[in-house]
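J.: So the chains spell out like this:
Number of protein chains: 4
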Amino acid sequence: MIPIPAFQPPDFSAPHLAAAPAVRSGPAPADGVAPSGFHATSNHPEYVHLGGGRWVLAPESRMDALLVLKGEGVEVVEQRRVKKGDQVVLGRSENGEEGILVYCDGFGDRACDEAEKFAFRTRGTRETPFSRSYDELYRILRHDREEGYIVWVVGPAVAFDKDSRQAMQGLIESGYCQALLAGNALATHDLEAARFRTGLGQDIYTQALQPFGHCNHLDVINEVRLRGSIRRTIAELELSDGIIYACERCGVPYVLAGSIRDDGPLPEVITDVRQAQDAMREHARRATTVIALATQLHAIAFGNMVPSYRIMADGSVRPVFFYIVDMSEFSADKLANRGSAQARAILTNAQDFVVNLWHNLRPGAAIS
Amino acid sequence: MIPIPAFQPPDFSAPHLAAAPAVRSGPAPADGVAPSGFHATSNHPEYVHLGGGRWVLAPESRMDALLVLKGEGVEVVEQRRVKKGDQVVLGRSENGEEGILVYCDGFGDRACDEAEKFAFRTRGTRETPFSRSYDELYRILRHDREEGYIVWVVGPAVAFDKDSRQAMQGLIESGYCQALLAGNALATHDLEAARFRTGLGQDIYTQALQPFGHCNHLDVINEVRLRGSIRRTIAELELSDGIIYACERCGVPYVLAGSIRDDGPLPEVITDVRQAQDAMREHARRATTVIALATQLHAIAFGNMVPSYRIMADGSVRPVFFYIVDMSEFSADKLANRGSAQARAILTNAQDFVVNLWHNLRPGAAIS
Amino acid sequence: MIPIPAFQPPDFSAPHLAAAPAVRSGPAPADGVAPSGFHATSNHPEYVHLGGGRWVLAPESRMDALLVLKGEGVEVVEQRRVKKGDQVVLGRSENGEEGILVYCDGFGDRACDEAEKFAFRTRGTRETPFSRSYDELYRILRHDREEGYIVWVVGPAVAFDKDSRQAMQGLIESGYCQALLAGNALATHDLEAARFRTGLGQDIYTQALQPFGHCNHLDVINEVRLRGSIRRTIAELELSDGIIYACERCGVPYVLAGSIRDDGPLPEVITDVRQAQDAMREHARRATTVIALATQLHAIAFGNMVPSYRIMADGSVRPVFFYIVDMSEFSADKLANRGSAQARAILTNAQDFVVNLWHNLRPGAAIS
Amino acid sequence: MIPIPAFQPPDFSAPHLAAAPAVRSGPAPADGVAPSGFHATSNHPEYVHLGGGRWVLAPESRMDALLVLKGEGVEVVEQRRVKKGDQVVLGRSENGEEGILVYCDGFGDRACDEAEKFAFRTRGTRETPFSRSYDELYRILRHDREEGYIVWVVGPAVAFDKDSRQAMQGLIESGYCQALLAGNALATHDLEAARFRTGLGQDIYTQALQPFGHCNHLDVINEVRLRGSIRRTIAELELSDGIIYACERCGVPYVLAGSIRDDGPLPEVITDVRQAQDAMREHARRATTVIALATQLHAIAFGNMVPSYRIMADGSVRPVFFYIVDMSEFSADKLANRGSAQARAILTNAQDFVVNLWHNLRPGAAIS
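Chains A, B, C and D, in that order, give the protein sequences. Quick note on numbering: the first sequence equals residues 12 to 379 in my numbering. Quick note on numbering: the second sequence equals residues 12 to 379 in my numbering. Quick note on numbering: the third sequence equals residues 12 to 379 in my numbering. Quick note on numbering: the fourth sequence equals residues 12 to 379 in my numbering.
Be aware that a few hints might be false.
Because identical chains cannot be distinguished in the list, a pair is counted as satisfied if it fits within a single copy or across any two copies.
[As the list claims (entries may be wrong)] As a list, the in silico EDC-like pairs of lysine to aspartate or glutamate whose alpha-carbon atoms are at most 20 Å apart: (1) 94 with 214; (2) 81 with 42; (3) 81 with 97; (4) 94 with 234; (5) 94 with 71; (6) 95 with 274.
To be clear, the hints were calculated from the coordinates, so they are not data collected in a lab. Treat the numbers as computed from the prediction; the structure is a model and nothing was measured.
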C-alpha cells in the first residue's frame, strides 16, 4: 500500500473563489510588529489570491505566523521577524471572501459523512485500538527514510531505560531519523547512561539507585563543559553507545533547545529560546513525518511550527504526519487545543513505543 | 538465572520469639461476625504461635481475613464466612508479642540499606526503566508455565485492539495462562470482535465506527443468551479466534465476575459478587504469578485476595509475583494504598504490554 | 435566569415523518432474549410511530434497552427482563424511516453552527474554564431541590477528607440530595470516619496513619454486621456525623451496590448486581440532575441507566443534567465513549468540588 | 498555632562530627567548570567544616550547585557561574566524614518512628485528605504576608477561567504574593482576558469559542510589542483587571521566563534561559513559601533553585514551604524524583485551588 495520499488542490473555478477579491495587505509599523487586522496562519494549506485568478499556496508554512507579500509570492514570517514596512496580508476569514482560503480537504482523509446521532467511542483514549496506527507508521517510516525527512522530538524518558535507549540508537543508525530535537536533559542523561549506565543516578536496567548517583549527571555535564563539546567528550571518554552517540556517528543533526530547568547546560544547548526556535524551524520546514515522544514542552513547541503539508521539490504537495506518543490523554488533547488537531496520538509508554518500532523496522524484520 | 528466590523462615529461637506467648482466640458471636479484637491478616507470611514453640504459617492466606483455629492448625477465613463459635485469633500486634508474627523478610529482596538523605528517583513512575521488569517477567512466566500457576486479570481494553487480542490468544494457547479473571465486558467485546471485528462498534484494526455498531455488543449478548452458553455459541456461530475462544479451546478456566456496569449479562457471569469472590479466590489460592491488566476494579479485588507467598505441595514457600499494568501512576498507587505494596507496576498501555510479551514468549522467540 | 430549557417536540408533519411507516415488532423468543434485529435505545428522546400518525415518546428510557409494545404504548425494558412473547420493536435506523425517531434537538442547546476550519480549544480538559459550569450547577440545584430529583453517585474519596465529608453532609441535610448511590466502600469509610476519624486507617484531617488503623474499616463492618443494620449501629454507637448519618437522619434513600472489591460487606449492600441495577434504576427513572463524583464504576453504571430527558408528571419534558466530576480526562472521555455524551465534565478533585458546592449553597450563602 | 517550626541545629559535639576533618577543596580548572570530585549541593541545610570546629551553614543554597570557599565562608554557586581558580568544595559524602554534613532533621517534622510492616495509604494521591493542608497553608500565608516572602509559580490555566483569575488578582492585591514567576503564556492569556474576555479564543466564562478567537492572543502580543511594554499597554488600552494588572498596580515583581513554545514573545519575556534562571533565583533566595500551580516546567525549574530552608536577617533558620498544585500524581512524583522531596502536593484543579484560597484569605473571611 502506498502510504502517502495524493493532494487534490481546490477548484478555483468554483463561483465563490472565482469571484474572490485579491488579498489586502498593510505595512508593518515597526520591526517585529504586525499591522492591525493581520492574518494569522493555521497549519493547514492556505492559499492567497494575488489577483487575476492567481492563487498561491503558502510555502514553508507554520501556525500563528504572518504572510508577507514578496515579489510574486508570499512568505511565511513569524511576527517577531517581520521588518518595518513589510507588506503583511490582512484578513480574518478563511473561505476566500477576502482572498484567503484555508483548505483542509486536500488529502481526502477527512470524509465528513453524516454522523449518527448516537455512537460509542467517538473520542480517542488509551483504549483506542492502535494496531493500524503502528502498521501505518511502519510503512510511512520505511517510505520517508528514502524519500522524506523524519524528525524526532524526544523527551528524557527514552534515555532512562536500557532497551528503549538501544532501540532509539538502532533507529537512528538505520536511517529512520533525519533530525533529533530535544533538550539538555535528553542529551545529558543519554551521555550519563553511556558513562555510568544510569539516568539521574538510577541504573537504566536494574532500577537500583547508585550511591551518590545524583551527582552523575553533573559529572557528565562537567566533563563536557571541560572539553567544550559533546563530540570531543565522546572521543576522549570513549563513549560508544546511545542516542547522541548515534547522531554524532551518523551525522544526524540535533538541536538541543534550552529551558529554565537545565543544569549546566551542555555547550551545545541553545540558551536563547528564539534562536532555538529558529534552529528547530529549519527542520520544521523540511519535515515530512514527525514523532514527538514523551515531551510536552518540545512537542507543543514543534507542533506550533510544523504545517500539515509540505511542498516537495517537484512542486507536489504531501501531508506531514505528526505522531504524538504520550501516557496521558491530557497531553494529546492539549496539543489539539493548541491547533495541531491533525496530530495522531498513540497513548502508551515511550519505552514500549520505540522498542516496538525497532522490533518492526530493524534490518531483517518481517514486513507487515 | 533462577527466577524464584528461596524462602528463609524466621529464627524462632530469637529471644523475643522464644518468649512469645501462645496466641489468644475468642469465639465468633454469630455467623459472619468476628469477636472484638480479632486479628486481620495482611498479605505477608504470618505465623501464629500455638504454644510450646509451635509456630504455624498461615496457609492459603489473603488480606483482611480472620485466622480460625481448627484442629492442629489455622485456617484463613473471610469475615463473612466465619461460623458462630469458631475460635478466631485475637491480637493487634505483628512482632510476636501476642503470638502473631508478620514476617516480611523471607525472600531477601527488601534489603533495607540505610537510605541516603538526598536522592533522585525514589518513586516509580512512567519514567522508571522497565527493561529488567520485562526480562524478569519473561523468565518467571517461562518457569511458572511449567511449575506454577499464572493468573491473568484482564480489562476489556485488551480485546479492543487486533494485535493485543491476538497476542493474548497466543499466550493462552502457549500455556502462559492457567486462569483468566475478567468481567462481562472483556468476554462480550472479545466475542464481539470474533463476530463483527469490532469493540463497542469500533473496528479493532481501522478504528472506523461501524454503522449502528453500538448494537453489536448487544447482538452478541443476545446470541449467547439465546443459546444459553458461550461454548455453544462459539460452536454454532463458528467463532474461531480471540481470548475466550482460546480459553474454551485449551480448557483454561475463566471467571466472569459481575458488576453493575454490565449489559446482559452473558450467562456465565456470576452476578452475586460474593459468589464471584469465592470463585476468584479458588484461583488466588493457587496463584504463583498474577498479571493484572488495565482493570482497576478486578485488579484491586484480586489484589485483596492474593497473598505475597504460597506454600507449595512439597512444603516449600515461594513468593507470589503480582504485576499491575496500567497507564496511570494513580492506579498503581491505589493498589499499594490498599495494602498490595509488593505489586510491581509496569506503567504502559496494555496493548503494547501483551504484544511485547507475545513477541518474547511465542514459540521460536529468542530467549533473553 | 431559569435554568431549565423548554422542550421543543419534533414536527411530525414534516414529509419524511408524515410518510413514515408504523414501527415493526417481533416476539421475544425466550425470557431474557430479544428477537433478531431488535432496536436498542439510546439515552436521547426516542419516538416510535404506532401507526396512523401516532408517535409516542419512550417513557422512563435508558440506554441499550428494548422497546416493548404494551397496550397503547411502549415500555422500556432491559434485555434480561423481557419475557417470552413480548412484542419487541425492531429496526436499525434512527431517522423515522422504520418508525423510530431518535431526536436530539429538543432542548436547543446543541446549535450546530458551521464550525471554523481552524480553532483552538475544541476539547474539554482540566484547562477548560469551569466558572459558569459551577454557577449553572448552583442554579440547577437550587431549582431541583424544590422541583426535581437530585441523585448523587459518590465514590469513597469524599469520605476520606474531613471538609468534603462535612460538606456532603451539609448538602444532604439542606435538601440537595434526593438519593445517594454508592458502594460498600463509601459507606464503610464514612462510618469509619464517624467512629475513628480515619479513612482506611488514615486520619481524615491530619493524614497521620493510626497504629493498626488498617483494622478500622474491618472493625466498623464487624460492628454493623453484629447489629444487623447501619441504622441500629448508628444509634447504639451514637455516631453523629457524616454522609450515611445524614441520609439516615433525613430519610434520604441510599443504594449500596456490591462489587467484587468489597470487604464484609455491610448488611445493606446489594450483592447481586442485577438487583443492585434494579434498585439504582428506580432512581434513574426519577432523576432530573445527577452528580457523579470520583467513581468510575458507579458513574458509568448509572450513566448507562439515565436518559437525557424526563417526562414530568404534567407531561412536560425536561432535560436530565448529568455532571461527572473526576481528576482525569480519561474518565470523562470513557463516559462519553459509552454513549453518555451529554454528560458535562468538571475536572477537579472531588474534595474541592463538594466544598465549593457547600460554600455556595449552604443556608445564608450569597446567591451568585 | 504558630505555623513556623523552630530550627534545631546539629550537635557538633557529637563524636563523629567533633572528629570530622576540615573540608577539602580544589580550584576550578576553567570558567564554568568544576574540579573533579566536586560536591553538589542538595536542597537540605548543609554545613561545611572549615577547620577548628567551625561549621558554616550554606547561605542562599540551591540544589545541584557548587560550594565555593570565599574569605571566611562559603558561597553557593551554579556550575556555569564558577570562575577559574575558585576553590570548590570536594567530597561525595554527607555524614561529616569529609567535612560536609547534609542535615535533614532541623525542623522536627520528619519523625522517623518505626514503620509498621503492613499499612494502607502510605502514598499521597488524589484521595489523600487535604483539609489540613489547606488550613495550614492559610495560616502560613497569613504569617508570611507579614514576615515572609511568598512566591507564586503560575501556569496559564489560572488565567483561562474567570473565577480563578479574579481570585489570583485578589490574592495579589491583598498582599499574598511578593513575586510572580511565569511564562509568556500566562501573561499573554491574562492580558487576552483583560482585553477580549477570552483565553486562546475561548470565553473565560461561557466556554464559547469566539469567531477567529485564535487570533486574540496574537493581537494582544502585537499590541504590547507595538507599545514596547506591558505597563504602557495596560495604560493605553485601559485594561483594568487580571493577574498582570494586579502585579503592575501593586508593584509586585514578576519574571516571565522564555520557552520554545512562546509566540511573540512579549517584550518583558527573558528569552535567554540562563538569564531567566538568574532572575528567578533572585526570588528563590528570598522565598519563604512557594506555591507552584499547574505548570510542570516552571515548577521543576524553581524547585531546583529553592532550598528547604532560609537564613533570616536575624540569623534564625526557618523552613521554606513548597506547595505543588497539580492534577496528576505524575507531576508531584516527578518533582520528588528531581530531589524536591519536601514539596507538599495538593492534587486538584488550579482553578478550585485559588478560588478556595481567596475565599479563605480575602478581607473579612472567617479565620479557620
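J.: At most 20 Å between C-alpha atoms: does residue 94 with residue 71 qualify within a copy, between copies, both, or neither?
T.: Close inside one copy (19 Å), not across copies (44 Å); limit 20 Å.
J.: State whether the alpha carbon distance between residue 81 and residue 97 is at most 20 Å within one copy, between copies, both, or neither.
T.: Within. Shortest intra-copy distance 8 Å satisfies the 20 Å Cα cut-off; inter-copy 54 Å does not.
J.: My question is about residue 95 and residue 274: at a cut-off of 20 Å on alpha-carbon distance, are they close within one copy, between copies, both, or neither?
T.: between (38 Å within a copy, 19 Å between copies)
J.: I want to check one pair: residue 94 and residue 214. Are their C-alpha atoms no more than 20 Å apart within a copy, between two copies, both, or neither?
T.: Intra 51 Å, inter 32 Å, cutoff 20 Å: neither.
J.: Are the CA atoms of residue 94 and residue 234 at most 20 Å apart within a copy, between copies, both, or neither?
T.: Only across copies: residue 94 and residue 234 sit 16 Å apart there, 42 Å inside one copy, limit 20 Å.
J.: Checking an output row: residue 81 and residue 42, CA cutoff 20 Å. Within, between, both or neither?
T.: Within one copy only: 16 Å inside, 46 Å across.
In summary, the structure is inconsistent with hint 1 from the numbered list given earlier, while agreeing with all the others.
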